[in-house]
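Protein chains in written order, with our numbering: chain A, 38 to 503; chain B, 38 to 503.
Hints should not be assumed to be uniformly reliable.
In this list, chains with the same sequence are indistinguishable; a pair is considered to hold if it fits within one copy or across any two.
What the hints assert, rightly or not - In silico DMTMM-like pairs for lysine to aspartate or glutamate, Cα to Cα no more than 20 Å straight-line:
no., residue 1, residue 2
1, 423, 493
2, 373, 244
3, 80, 364
4, 278, 252
5, 80, 368
6, 248, 470
7, 500, 426
8, 497, 444
9, 74, 93
10, 168, 179
11, 349, 186
Keep in mind the hints are simulated off the structure, nothing from the lab.
These numbers were taken from a predicted model, which means no experiment stands behind them.
2 protein chains.
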Amino acid sequence: VLESINLNIKNNSPLYIRICDFIKRDIENNILHKGTKLPSYRKLSEHLGVSRNTIEQAYQQLLSEGYVESRPKSGIYVADISTGIFSSKQHEEAIKINTTASKNIEKNCNYIDFSVSGIDTTIFPISVWKKLTNDTINNFQENLNSSGESQGEFGLRMQISKYLYESRGVKCSPDQIIIGASTQYLLYLLYILIGSDDYAVENPGYDRIAKILIDLSANVVGIDVDQKGMNVEALANTAAKVAYITPAHQFPLGYVMPVSRRVEILEWAVNNNSYVIEDDYDSEYRFVGKPIPSLHSLDKNERVIYFGTFTKSLLPSIRLSYMVLPEPLLERYVNKAEIYSQTVSNIHQKTVELFMDRGHWNRHLNKMRTLYRKKHDLVLSELFEKFGEKINILDAKSGHHVVIEVDGEETRLIAAALLHGVVVYPVSQYYFDGKSPKRTQILLGFGSLSLEEISEGITKLAKAWI
Amino acid sequence: VLESINLNIKNNSPLYIRICDFIKRDIENNILHKGTKLPSYRKLSEHLGVSRNTIEQAYQQLLSEGYVESRPKSGIYVADISTGIFSSKQHEEAIKINTTASKNIEKNCNYIDFSVSGIDTTIFPISVWKKLTNDTINNFQENLNSSGESQGEFGLRMQISKYLYESRGVKCSPDQIIIGASTQYLLYLLYILIGSDDYAVENPGYDRIAKILIDLSANVVGIDVDQKGMNVEALANTAAKVAYITPAHQFPLGYVMPVSRRVEILEWAVNNNSYVIEDDYDSEYRFVGKPIPSLHSLDKNERVIYFGTFTKSLLPSIRLSYMVLPEPLLERYVNKAEIYSQTVSNIHQKTVELFMDRGHWNRHLNKMRTLYRKKHDLVLSELFEKFGEKINILDAKSGHHVVIEVDGEETRLIAAALLHGVVVYPVSQYYFDGKSPKRTQILLGFGSLSLEEISEGITKLAKAWI
Chain A
38 VLESINLNIK NNSPLYIRIC DFIKRDIENN ILHKGTKLPS YRKLSEHLGV
88 SRNTIEQAYQ QLLSEGYVES RPKSGIYVAD ISTGIFSSKQ HEEAIKINTT
138 ASKNIEKNCN YIDFSVSGID TTIFPISVWK KLTNDTINNF QENLNSSGES
188 QGEFGLRMQI SKYLYESRGV KCSPDQIIIG ASTQYLLYLL YILIGSDDYA
238 VENPGYDRIA KILIDLSANV VGIDVDQKGM NVEALANTAA KVAYITPAHQ
288 FPLGYVMPVS RRVEILEWAV NNNSYVIEDD YDSEYRFVGK PIPSLHSLDK
338 NERVIYFGTF TKSLLPSIRL SYMVLPEPLL ERYVNKAEIY SQTVSNIHQK
388 TVELFMDRGH WNRHLNKMRT LYRKKHDLVL SELFEKFGEK INILDAKSGH
438 HVVIEVDGEE TRLIAAALLH GVVVYPVSQY YFDGKSPKRT QILLGFGSLS
488 LEEISEGITK LAKAWI
Chain B
38 VLESINLNIK NNSPLYIRIC DFIKRDIENN ILHKGTKLPS YRKLSEHLGV
88 SRNTIEQAYQ QLLSEGYVES RPKSGIYVAD ISTGIFSSKQ HEEAIKINTT
138 ASKNIEKNCN YIDFSVSGID TTIFPISVWK KLTNDTINNF QENLNSSGES
188 QGEFGLRMQI SKYLYESRGV KCSPDQIIIG ASTQYLLYLL YILIGSDDYA
238 VENPGYDRIA KILIDLSANV VGIDVDQKGM NVEALANTAA KVAYITPAHQ
288 FPLGYVMPVS RRVEILEWAV NNNSYVIEDD YDSEYRFVGK PIPSLHSLDK
338 NERVIYFGTF TKSLLPSIRL SYMVLPEPLL ERYVNKAEIY SQTVSNIHQK
388 TVELFMDRGH WNRHLNKMRT LYRKKHDLVL SELFEKFGEK INILDAKSGH
438 HVVIEVDGEE TRLIAAALLH GVVVYPVSQY YFDGKSPKRT QILLGFGSLS
488 LEEISEGITK LAKAWI
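Can you make the complete structure from the sequences, with help from the hints?
This is how it looks when you write it as structure tokens:
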């Protein structure tokens, strides 16, 4: 069985869908016979070198499409499907059969995926990027031939410092900016500077942050989020010396931290001699009113570490993120800079510097903001039209996602959506410490979807759920 | 004083030389007057956002060129130089004065730098790289628009697995290969998989490895290196569960681990249920006889973690390194893959895949090998001709550096070389646990130097030292 699952990794749909498709093809072609036991999650995940979670998703998908069946305390077995209908020669005819099952098979490469990690790639100025990359290779061979400054190239840090001041009110010198390959890597670097103090994270919150800190043996405590963001009273009752928050657009719930709470958390940091990590992961996209200034801009006491990234606003592939260190940590960083060399391509660093310096960055951001505003507004109007009062929308008027509160059991809602060709995501995975939302919360990311897909996706959701 | 030191970071000479040059210019132009106290190492390092070590090097250089003088228990002061001679208008005349001091001033941008981190960049096929980068941007937009698989792109891992098998005898599937931005990042990831066991490193050895592990709160023990590499008897007397070694070309001493010692350390790993990290950092360049197979190729018990990098053999700027995990660790990795997303540019990953797939990699390696062999042979013949029996050469017949043993005090030898326009490096920094070599050891990296520079550099070294 293992050997017959030959994974074509070059395909571009989500991994679990691809795994699922290969198993389906083998079932359809009768290579995997009815009643055959599928490998365990563990075995198949080892064999393919992918996570168990991915295999679970793939099996879940097979289960919901009826290709396999679960036998309690035994495992997952190939179901009794009319293999004749699905044999590859007759496949074209089969998909004409107007049943839910065949409809899904027809469309399983066309799932509408409300993923939060997708971004719109249709308006990225590829030809500009290519031109500036060639400029870099032709004219900046010192960038090609060296990993550059540990901290990141000065020219790029200059551009970022200028941008942060103009758009986010963050006042910092280029010396305070550390470039790194992903927020995750920078969090590790920051941990090295701060040490194994207790860390507080939002609950619900960006689960990776907590996991990375736990892997580094830090004590991590989850602090409940209310509509103003992290509850500072609860925070003050812990031993935490560092608090990780997303004040501009709480992830996942979307709340914006009002200035009263901002002042409160800064006071906590000063009184407690602690730090606040402000992850401003998608603040480029604020659709209503003025952009909210960063927490960093309110901090007069060198207590805030600011995190930003180009992953969601420029190109995910170049892995370019940065953090702004306050003085006390900068001093420690300087002593570590020789050990921790730069992780971001020096070619890309120069290319982004040129991109920013020549005005393309601001132009691109404006276009993206307009596009995302349209998508955001469409998501809201479609949700209202199709669901009315049946759902509650937690809307932040910014970013690439909304959370909706729906009646019904989370896994059933997600499975029903899948059956209708729509992938939506559970918010429950972002809760920990045994917490969970009172009403089921579902995450809808719309960054990578077209306007048509958004309408179609929400229409299908309504069919699935109402 | 701080404000007047305006650092032009875009320049390409080593940072300490640039800092040094700016201070010199200010002294020459009488902006910094005779008797002015320079800022402390700490103050200047904070102000410029560079490491203290860099400032120390810069001040050391100013001291050795006589621009400043050290007053015991007080600090470093601008020396009494005939500023008239050095005023910027008369600078051209001044440099004609045939004294050691002016010669050095004239040439301070032309230091011959025997750095171990430099690589030859003259024969890199830039036009091929540019073409393949454009191919990637044009034809592989899925690479542009996503960070790709956590583990690294499958196509690139295929190419690496093929290369490792053919050139290093490493048998591994692409599933076992993890791509990451620098060896340092991969070491962190490995630490997350292995946990806080005790780690053994070579003494002397690559100091960063120990520092990174210590920053991660691991217990690190240094094990003495003899002419066969790490002493396994000493290793077995420790609680270490992981040993980091450089068997193909011990860093920095250059010894090659013979097969007897290899078998010994593998037996230690099996009996002790431990792992060996084999860092094969520059094994592409073996000049005499057959390449020595990797330790990995001798391992039948899934005990070796293999580290490789493209930094020294292709392009330092793209930050592309990899590790090969044995089964037990791969299983753990698979569960972490969703947290630790890929850190290397997906654009560069595809470009390197195309570079390898189309034969450019093997061609480039062959050219580099020929070039480095010439440089290596020249270093040896020049050293022999100029120094004869006065020095002892620890020669590995591979890689980009040699270590020489010389009579005299290390800092004095290095300062004398600097005065003659040559930068050489102390081996003592790679010893720890209070160890030090009996006879002074000096490191000469020759990767980035031309044949002419090698000859000139060693001639100057002989003048400085004999």
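Hints, verified against the model:
no.	hint	verdict
1	423 with 493	within (11 Å within a copy, 79 Å between copies)
2	373 with 244	between (28 Å within a copy, 13 Å between copies)
3	80 with 364	between (49 Å within a copy, 12 Å between copies)
4	278 with 252	both (18 Å within a copy, 19 Å between copies)
5	80 with 368	between (48 Å within a copy, 10 Å between copies)
6	248 with 470	within (13 Å within a copy, 34 Å between copies)
7	500 with 426	within (16 Å within a copy, 88 Å between copies)
8	497 with 444	within (17 Å within a copy, 81 Å between copies)
9	74 with 93	within (15 Å within a copy, 67 Å between copies)
10	168 with 179	both (18 Å within a copy, 19 Å between copies)
11	349 with 186	between (25 Å within a copy, 17 Å between copies)
Of the numbered hints given earlier, the model fails none.
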